[in-house]
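Undergrad: Just so you know, the protein sequences line up as chains A and B, in that order.
Quick note: the first sequence uses my numbering, first residue 1, plus one each step.
Quick note: the second sequence uses my numbering, first residue 1, plus one each step.
Just so you know, the hints here were simulated from the structure itself, not pulled from any lab data.
Built from N, CA and C at the ideal position, the CB exists for glycine as well.
Any given hint could turn out to be false.
[As the list claims (entries may be wrong)] One side of the interface only, derived from the structure: several residues of chain A facing chain B at Cβ under 10 Å:
#1 A2
#2 V12
#3 S18
#4 M41
[Unchecked claim] Some residues of chain B that are not near chain A, with every Cβ distance over 12 Å (derived):
#5 Q14
#6 E15
#7 R17
#8 I20
#9 S28
#10 G60
#11 A70
#12 G83
#13 S85
Spelled out, the chains give:
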Amino acid sequence: NAGVTQTPKFRVLKTGQSMTLLCAQDMNHEYMYWYRQDPGMGLRLIHYSVGEGTTAKGEVPDGYNVSRLKKQNFLLGLESAAPSQTSVYFCASSFSNYGYTFGSGTRLTVV
Amino acid sequence: DQQVKQNSPSLSVQEGRISILNCDYTNSMFDYFLWYKKYPAEGPTFLISISSIKDKNEDGRFTVFLNKSAKHLSLHIVPSQPGDSAVYFCAASEGGSGSARQLTFGSGTQLTVLP
Chain A
1 NAGVTQTPKF
11 RVLKTGQSMT
21 LLCAQDMNHE
31 YMYWYRQDPG
41 MGLRLIHYSV
51 GEGTTAKGEV
61 PDGYNVSRLK
71 KQNFLLGLES
81 AAPSQTSVYF
91 CASSFSNYGY
101 TFGSGTRLTV
111 V
Chain B
1 DQQVKQNSPS
11 LSVQEGRISI
21 LNCDYTNSMF
31 DYFLWYKKYP
41 AEGPTFLISI
51 SSIKDKNEDG
61 RFTVFLNKSA
71 KHLSLHIVPS
81 QPGDSAVYFC
91 AASEGGSGSA
101 RQLTFGSGTQ
111 LTVLP
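Excised from the complex, chain A in its bound form (with noise of 0.2 Å):
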């Protein structure tokens, strides 16, 4: 019973690089979304998705882009990430609309 697993677990980036972030689900979610949590400022939506081929942008989507091309998976993309996405990068995922599981996280450190 895995729940939500997020890959990789830690990365570090050199400014401009590319990356994708993997949450997958096993638990057959509609609904699936990405948070980052910084120091002081909790969790704050990145996107998110209320299904399969479907996204939306959440309150700080700049910078990043997301898919869902299958029901199971959201990934997270940085194009040319930036010291400002340094931060801890949460996937998680709803059926019912109210109960979110959390993925364990990915601390991305860009320099």
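Since the structure of chain A is provided, determine the placement of chain B on it from the hints.
TA: Same frame as chain A, now just chain B:
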């Protein structure tokens, strides 16, 4: 402007005593509130929730109180245990059946329960 605020970054409580974590919100459209607990190097896990039509919800040692007129909610943990030491996030959402409910989170409160 933060719509959900947790003004206490940290709280220390003696084991066996009550822990009270507070949360204020500004958006009157919020109709569902949740508390999440987070241990280091793990994702947040759901703890307890409350709908805006209620003013109290209890689950074992955890009780959430909602004061809509004051736009304030609190989480009470009684009795507090060392294993409760974690960061607690308050979250809120507003309606929208058939669409994803986006949760707005507070900045979190680090609870330390001292043995």
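Undergrad: All hints are to be evaluated individually against the structure, with a verdict given for each.
TA: Hints, verified against the model:
1. A2: Cβ of A2 (chain A) sits 13 Å from chain B, so the hint is violated.
2. V12: 17 Å, violated
3. S18: 25 Å, violated
4. M41: Because about 6 Å separates M41 (chain A) from the closest Cβ in chain B, which is inside the 10 Å limit, the hint holds.
5. Q14: Holds: least Cβ distance 27 Å, greater than 12 Å.
6. E15: For E15 (chain B), whose nearest Cβ neighbour in chain A is about 27 Å away, the distance exceeds 12 Å, so it holds.
7. R17: The claim stands: R17 (chain B) keeps its Cβ more than 12 Å from every Cβ of chain A (closest is about 26 Å).
8. I20: Consistent with the label, I20 (chain B) stays out of reach of chain A, its closest Cβ about 19 Å off (over 12 Å).
9. S28: S28 (chain B) is indeed farther than 12 Å from all Cβ atoms of chain A, at 19 Å.
10. G60: Holds, because the least Cβ-Cβ distance between G60 (chain B) and chain A comes to about 17 Å, which exceeds 12 Å.
11. A70: A70 (chain B) is indeed farther than 12 Å from all Cβ atoms of chain A, at 21 Å.
12. G83: 19 Å, holds
13. S85: 18 Å, holds
Hint compliance for this structure: hints 1, 2 and 3 are not met, and every other hint is.
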